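S.K.: Below are the chains, spelled out letter by letter.
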Amino acid sequence: MTDLRADSLPPQGAPVRLWGRALRSRNLVVGALLTLVFVLAAVLSFLWTPYEVTGLDIANKIKPPSWRNPLGTDHFGRDILSMIMVGARVSIAVAVVAVGIGMIFGVPLGLLAAARKGSLLDEVIMRANDLVFAFPSLVIAILITATFGPSAVNAIIAIGIFNIPVFARLTRSGALTLWQRDYILAARVAGKGAARISVEHILPNVTNLLIVQGTIQFSLGILAEAGLSYVGLGAQPPTPSWGRMLAESQTMISFAPHMALFPGLAILLTVLGLNLMGDGLRDLFDPKLRGRT
Amino acid sequence: MLRYTLTRLLSLAISLAVASVVIFLAIEILPGDPAAFMLGVNAQEDTLAALRDQLGLNGTLWERYVSWVGGMLTGDFGTSYTYRTPVAGMIADRLWISLPLAIYALLLSTLIAFPAGIWAASRRGSAADVGVMGTTQLGVAIPNFWFAMLLVVVFAINLQWFSAGGFPGWDEGFWLSIKSLTLPAIALALPQASILARVMRSALLDTLSEDFVRTARAKGLSRRQALWRHALRNALIPVLTIIGLQFSFLLAGGIIIENVFYLPGLGRLIFQAISARDMIVVESVVMLLVFAVILVNFLVEIAYALVDPRLRHRA
Chain Z
1 MTDLRADSLP PQGAPVRLWG RALRSRNLVV GALLTLVFVL AAVLSFLWTP YEVTGLDIAN
61 KIKPPSWRNP LGTDHFGRDI LSMIMVGARV SIAVAVVAVG IGMIFGVPLG LLAAARKGSL
121 LDEVIMRAND LVFAFPSLVI AILITATFGP SAVNAIIAIG IFNIPVFARL TRSGALTLWQ
181 RDYILAARVA GKGAARISVE HILPNVTNLL IVQGTIQFSL GILAEAGLSY VGLGAQPPTP
241 SWGRMLAESQ TMISFAPHMA LFPGLAILLT VLGLNLMGDG LRDLFDPKLR GRT
Chain P
1 MLRYTLTRLL SLAISLAVAS VVIFLAIEIL PGDPAAFMLG VNAQEDTLAA LRDQLGLNGT
61 LWERYVSWVG GMLTGDFGTS YTYRTPVAGM IADRLWISLP LAIYALLLST LIAFPAGIWA
121 ASRRGSAADV GVMGTTQLGV AIPNFWFAML LVVVFAINLQ WFSAGGFPGW DEGFWLSIKS
181 LTLPAIALAL PQASILARVM RSALLDTLSE DFVRTARAKG LSRRQALWRH ALRNALIPVL
241 TIIGLQFSFL LAGGIIIENV FYLPGLGRLI FQAISARDMI VVESVVMLLV FAVILVNFLV
301 EIAYALVDPR LRHRA
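Taken in order, these protein sequences are the chains called Z and P. Mapping of the first sequence onto UniProt numbering: residues 1 to 293, in sequence order. Mapping of the second sequence onto UniProt numbering: residues 1 to 315, in sequence order.
Worth flagging that the hints you see were computed from the coordinates, not collected in a lab. Some hints could be false.
Claimed, not checked - Example chain Z residues on the side facing chain P (calculated, C-beta under 7 Å, incomplete): (1) P65; (2) I125; (3) L138.
Stated by the list, open to error - Just some of the chain Z residues that point at chain P, by a computed CB distance under 7 Å: (4) A115; (5) A134; (6) L268.
To be verified - Stretch-level coverage of chain P by chain Z, calculated; a stretch enters the list once three of its residues show a Cβ under 8 Å from a Cβ in chain Z: (7) 135-143; (8) 254-260.
On a predicted model such as this, the values are computed, not experimentally measured, just so you know. Virtual Cβ for every residue (Gly too), placed ideally from N, Cα, C.
Next up, chain P with everything else stripped away, as it sits in the complex (with noise of 0.2 Å):
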């Protein structure tokens, strides 16, 4: 196992750095110079060089490069170029908006997914099974964004349970701001949930179809006890899988929900340092979206091979 876990973490971090490489080169051939956008074009040759060399801007790309990557191990991202404020900080304000909100979706998906799947599998056939199956069809095709415009209308603007938009700040009461989070996780849970159902069915249906299922019936239990005691705990292994891939779909995904209910969080970050052309600040947070995914995709590997045993010896 442990060498299984060294091999795995030795690929993750090529794979960190062969991303980041991209990630800056990606930005670096940007045309146009962050000095000159933020000074106007009236700026004076020494103003502009006296503020490139107070970002950063000087110096050849690897060492530009060095020292983004050496910065960000750090835990120093740079200063933003409009701001004048740290990223780092940045960052971790809008992470309390975005993370939070990805994991009550992933709970969310994962509450309604699993009843729905269990329920479709052991009723294979059924008109329950039919009706679950149907609303996932819908629920994959639904734009997770045009979904979300439709809860605001129907809970906020007529029902007026929920606000439209915004975000009141975790100071300003733990549940006031869960609640401001509700309808923007249900958005982006649906499409999700989904997916997880029609997963946990089909790997329901397989382990139900397997040698170990019929024999637990020819000892004397009920179908549904052999679904409950048997089937369920073997057919979790790919759900397992599928929720952890989700959690970084999620947290990316986010970044189009954000948008529709006027959440400070990443996305919203992102698209105003986009217009802004804060470069910094994009490469950092495409950086750290994309770390999320490496991360969550590493986690899942081990713990799949903690759980799988023959996986651990194929690497």
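Okay, chain Z solo, but in the shape it has when bound (with noise of 0.2 Å):
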């Protein structure tokens, strides 16, 4: 799924081209709305929200959507829809800066070892990043909250180290393409060193690369995300969390059922809309892996 062709990188296409086909592309259309609809509300939340999510209103606990609360009230009388809106700033915010994480760190480390293929260098980094990946998310995830304490930026920490592997291999495996095109020997005759090239020539050519995979891994992270807040590893009450919102939903799921359904619909979409513009990006970028993957 996460699998992408290095080998194939394509030549940069005229923007206004890339742009005429984006639009035509079913998936990267209704990716790029439904992840626009959870960004938005994201970004609304911090000017306003139906109803104060601190607000506690007892008297209309569990109340199932109505016209005064579209999707619902929870157990402390608070509206499940401005929850949900606040609760997308978390999750949004912990999968951005993750997938920051695993770039920041990882692109480099993949540049430098691709730039050093074969040495020691090379040798070190790659088997640093095996071990890292033996280390599931929320295998890191526990190790850090049993050390620090469970908060939404030990989640960002641990999904981010997650992270960092997936972003080396990539762009070693990337680079390491490029690195043999004849437009590199040339720099390299040119007298260009490796890292200048690393970062003039071989950077710009694997953005698209990086692109499509951040577009995954920010899915995976908001998963990742969901799953740690579930399990109480997350962000902290009072914010509101789409994970925390429906472990305390657990205990009530037989009488007050939309207490689970929308914070899960919510997680759902977004999901599914960053995998859906993900598949759209990359066949905009590589036209020949359409419907393969």
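Combine the two chains into a complex, taking the hints into account.
M.R.: Below, the structure is given as structure tokens:
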């Protein structure tokens, strides 16, 4: 699913044509719209939510959806729509920063390993990546939480660490095929050093790969954050988070299924949107792969 | 092959050694003293010292590391701070739930993914293909613990076919235990089955466009015969790799699903241990999970080399 063909890096198309094709890709348009809805909801929640998410209204607890509360209320009488809007902030922030951590550390490591292919440095970087890969993000989160206590920041670190080898491997394999191209040889003949070639010629040409993988890791980050806060290792009360809303709804699921339904749908639709967007972007950047994965 | 296996074994040993150091240090930089935590603030200094000694908390960092690793190698995982029972026994008990759950989920995932992937690939572009791909798109996006909760609502609360949680114990009968693991296994299997079906489909599509399949068609085999006799076997290599990797994900992923169904497996154990600051248990369970992942990766690499001789010479 996350496998990208590094050996088929396309030339950069004319930007106008790319936009035209983007708008005709159903996956990309639907995915981008779904993602946009949740990003806008998160942004809007800073300015306005239908109700205060910290305001308890016990008289109105566990109400099914109505005109007053479109998605119903929870066991403290809080408006579920408002909580989902605020919860989107945490989910998106955790996933975005975790992707950022993965890229900031992973991409330079991958470039370095590719530039020094076959050296001891390359071997050390790749073995270290394998080792980090052996720690599922949940296990990293458990280790960090056991040491520093649960928080959204620790969830970010756990998911971010897991992302580093993903980007390092992808960058390395993408860069390795580029190093064999003629224009890189020309740059070397012109006297450019490995570091300069990596930054000036290799990095711009693996950007497409990084954007597609970034979208996929973004969606995996949303899922991982939801899982962590479900088991109490993510954002702590009173900050609303989708995963914890689900955990709290669990004991009431037999008589208040709406409490479990909507936060779960929010996660599902966000992740679905990001995945569709990732697929659409991959087709856009590399039409040869369309319909294959 | 022997040389390749030995190199991989050495790499396995190094990975395990480094992983154990990382886990040990992560837990050891923990502020706070388990002995003080257990005895409370009013404990006498000599009682604290005695308990620390009993728990093996004295000595330098290096001595404690060596005794922890040495203990694990001989099957002695130490004594739980809170339960006062050997950690090895506690883990073994819990493993009897977590391991069957992971195997059950892997079986389900394979049983769903193979037919779905083959069906979609053999009818590429048809309604069946679009349907399978759409379903797997949903399956990948659904959080498995939420799917688990939906299964509880439908099959435990409304239809009452299964219980909503808990585990009777293997002594109470094999089928009863399997039944209580069924909903958790389905919840765990769905996202993995979706990924696997997609891998199966794209691997088959790749091999279907290879020359040897065209040759098979040219000698008169139908598309279906070519798929079953020639393409499928070659497409299995990437699929088997993914199955191997999924097993370790299923074992770790079970930690969350066990919480949904109140199953007393490794997941419940580790969360109880974290809240009770029972670090020796946390250390050992994490090490066990990481060991499982590294071991499975090793086995996959060996199996891969057995199937594809070219890989043996790369190491």
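S.K.: What hints, given by number in increasing order, does this structure fail?
M.R.: Per hint list: 1, 2, 4 violated.
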